[in-house]
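Participant: In case you want the letters, here they are:
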Amino acid sequence: MDIVTDRVIVWLGGIATRPIANVTADTDLLDAGVLDSIEILNLISYIEEVFNIAVPVDEFVPDNFRTPGAIAALVGRLREPTA
Amino acid sequence: MPIDRHVDVLVVGGGPAGSTAATQLAKQGYDVLLVDKQHHPRETVGESLLPSAWKYFDLLGVTDAVVAHGFIRKAGGIVAWGDQLSQIAFRDFEYTRPGLHVERDALDALLLRHAAASGARVEEGVRADAIMTSEGHNEATLIRQGETGGERVRARLLIDASGQASVMARQLGTRQVNPEYRFIALWGYFADSLYMASGGTVRPFADVRTHPPMTFVSRLGEWGWSWHIPLKEMTSVGLVIPIDDYKRDSGRFATLEAYFLSVCHQAAHLGQLLAGATLVNGGIRVMRDFSYVSDVVAGPGFMITGDAAGFVDPIFSIGVVMALYSGQLSAWTADRLLRQPDRAEAIRAMFAHQMRGRYRLAHTMALPGVESASSEAPGAYFDFFSDAEKQLMWSAASMTTRSANLSRISEGQEPPAKPRRLDLAGIDFNQLALAGN
Numbered sequence: 001m002d003i004v005t006d007r008v009i010v011w012l013g014g015i016a017t018r019p020i021a022n023v024t025a026d027t028d029l030l031d032a033g034v035l036d037s038i039e040i041l042n043l044i045s046y047i048e049e050v051f052n053i054a055v056p057v058d059e060f061v062p063d064n065f066r067t068p069g070a071i072a073a074l075v076g077r078l079r080e081p082t083a
Numbered sequence: 001m002p003i004d005r006h007v008d009v010l011v012v013g014g015g016p017a018g019s020t021a022a023t024q025l026a027k028q029g030y031d032v033l034l035v036d037k038q039h040h041p042r043e044t045v046g047e048s049l050l051p052s053a054w055k056y057f058d059l060l061g062v063t064d065a066v067v068a069h070g071f072i073r074k075a076g077g078i079v080a081w082g083d084q085l086s087q088i089a090f091r092d093f094e095y096t097r098p099g100l101h102v103e104r105d106a107l108d109a110l111l112l113r114h115a116a117a118s119g120a121r122v123e124e125g126v127r128a129d130a131i132m133t134s135e136g137h138n139e140a141t142l143i144r145q146g147e148t149g150g151e152r153v154r155a156r157l158l159i160d161a162s163g164q165a166s167v168m169a170r171q172l173g174t175r176q177v178n179p180e181y182r183f184i185a186l187w188g189y190f191a192d193s194l195y196m197a198s199g200g201t202v203r204p205f206a207d208v209r210t211h212p213p214m215t216f217v218s219r220l221g222e223w224g225w226s227w228h229i230p231l232k233e234m235t236s237v238g239l240v241i242p243i244d245d246y247k248r249d250s251g252r253f254a255t256l257e258a259y260f261l262s263v264c265h266q267a268a269h270l271g272q273l274l275a276g277a278t279l280v281n282g283g284i285r286v287m288r289d290f291s292y293v294s295d296v297v298a299g300p301g302f303m304i305t306g307d308a309a310g311f312v313d314p315i316f317s318i319g320v321v322m323a324l325y326s327g328q329l330s331a332w333t334a335d336r337l338l339r340q341p342d343r344a345e346a347i348r349a350m351f352a353h354q355m356r357g358r359y360r361l362a363h364t365m366a367l368p369g370v371e372s373a374s375s376e377a378p379g380a381y382f383d384f385f386s387d388a389e390k391q392l393m394w395s396a397a398s399m400t401t402r403s404a405n406l407s408r409i410s411e412g413q414e415p416p417a418k419p420r421r422l423d424l425a426g427i428d429f430n431q432l433a434l435a436g437n
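The listed protein sequences derive, respectively, from chains A and F. For reference, each letter of the first sequence is one residue, going 1 to 83 in the numbering used here. For reference, each letter of the second sequence is one residue, going 1 to 437 in the numbering used here.
Hint data in this document are derived by calculation from the structure and do not stem from the laboratory. Remember, it's a predicted structure, so these values are computed and weren't measured experimentally.
Result set (SDA-like, lysine to any residue): computed pairs, CA atoms no more than 25 Å apart in a straight line:
#	chain 1	residue 1	chain 2	residue 2
1	F	Lys-37	F	Gly-125
2	F	Lys-232	F	Gly-271
3	F	Lys-37	F	Thr-148
4	F	Lys-37	F	Asp-289
5	F	Lys-232	F	Leu-432
6	F	Lys-232	F	Ala-109
7	F	Lys-37	F	Gly-283
8	F	Lys-27	A	Glu-49
9	F	Lys-27	A	Trp-11
10	F	Lys-37	F	Ala-165
11	F	Lys-27	A	Ile-40
12	F	Lys-232	F	Asp-64
13	F	Lys-27	A	Glu-48
14	F	Lys-247	F	Ile-184
15	F	Lys-27	A	Ser-45
16	F	Lys-27	A	Gly-13
17	F	Lys-232	F	Ala-277
18	F	Lys-27	A	Leu-41
19	F	Lys-27	A	Val-50
20	F	Lys-37	F	Arg-170
21	F	Lys-27	A	Ile-38
22	F	Lys-27	F	Asp-105
23	F	Lys-27	A	Gly-14
24	F	Lys-27	A	Leu-43
25	F	Lys-37	F	Trp-187
26	F	Lys-232	F	Gly-282
27	F	Lys-37	F	Leu-110
28	F	Lys-37	F	Ile-284
29	F	Lys-27	F	Asp-58
30	F	Lys-232	F	Gln-38
31	F	Lys-27	A	Asn-42
32	F	Lys-27	F	Ala-117
33	F	Lys-37	F	Arg-285
34	F	Lys-232	F	Thr-201
35	F	Lys-27	A	Ser-37
36	F	Lys-27	A	Ile-15
37	F	Lys-27	A	Tyr-46
Now the stretches of chain A that chain F is said to cover, found in silico as 3 or more residues with beta-carbon under 8 Å:
#	region
38	29-38
39	55-61
Glycine residues also receive a C-beta, built at the ideal position from the N, C-alpha and C atoms.
Whenever a hint applies, use it, and build me the whole structure from the sequences.
Facilitator: Put into structure tokens, the structure is as follows:
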């Protein structure tokens, strides 16, 4: 598991409203209600700050946030190439 | 005009959306001024809350206060739609807490006092006039009730949470009344109404605390409907009627009240619930053309939130939850805007996207026969919700004939094989006979 997925899973473990056990890279966070309409905003703030990215509005679609793996893939795409 | 005061955020309106935004921003240390043209507690409509409201109460830190107030807990809803009488219960959708029937004067005052206790400066009986918005410095003149002159305040950000007054959208000329769905709502309060509890069991009002009521909705004509919402002391009953039907039928009555009572008493089952009830608390309230949307919900220096941004139809009890959500979204957006002014446009776009998504979903779900011009947008938005929430939306929509749109936008989804609703054979007066003995 890559480091971004790992960080996302750790973050998910700390959210208060609906913590669930055994989150993997493929856990469906939307169907299960883990990432609800408010937590998804908090997640965006978190990944923007930690990974120094900006999530544009056209990337704010369910498929980019469905699983920790999908979130990590989004972060990867948006991350500025490191020199 | 000289500037008398400077604040970070000026919130116009102290309903649930404004109080939520003000509370969250004040908690983050921003200098927040909230003005409301009225003094709270003040009466308003929208008394049925879905259980998802608790999530927002938790975030605000008001859950204990809401519980302590002792609002009526409700277990779900019963809908009489033509020949179909059906019920949904919140516990079937993974909710562990009940819905509520609230006196809005009390709930809204509670939320507003909490905003003040959280550090927002709250001024009541104050109207915001001559609003000018621009990136980073918005201005408004605050006029106290009974005074003509006012003080000029400058805010880094302005949040319009003015409800149906929709101050900014009217000023911008972006408030569009839905021309196809022009409704009038008439409502009033009854003493001693019977009510429906789970399973369609009719009970006397005295049981309302021991046997939780269901919100009862009854179809009126082709597109109209009625609500029946037992509160602590009395029952809120309302009619939502297309304006054309209202114009056609109301002229035959000497007074609006006579028309209202006649429709209530003739509505399926509602008439039976109201048979021995008395209209109290000052007659009939009226609101019309409440189905509208603002094309613009954000621009340089401002956001429009809650009902001020748009409203559809109260049939699925989502108004207050939408207000709480959009208040929370406004606070999140405001914080980002104030911290990252160089990204203002992108941050506002995110806000507008969420507001529009919610509005379109509500619009598609609640308004019958809407040929949604962009079914893709609400469909994509729908997919953000959890399975349990989607099931609730599907099941609630299936209780009415207003479900075709939801089926269309959720194409590609797996709709529930059977909506989680209970079809009832009829309403049951047995408990009443027992209680009467």
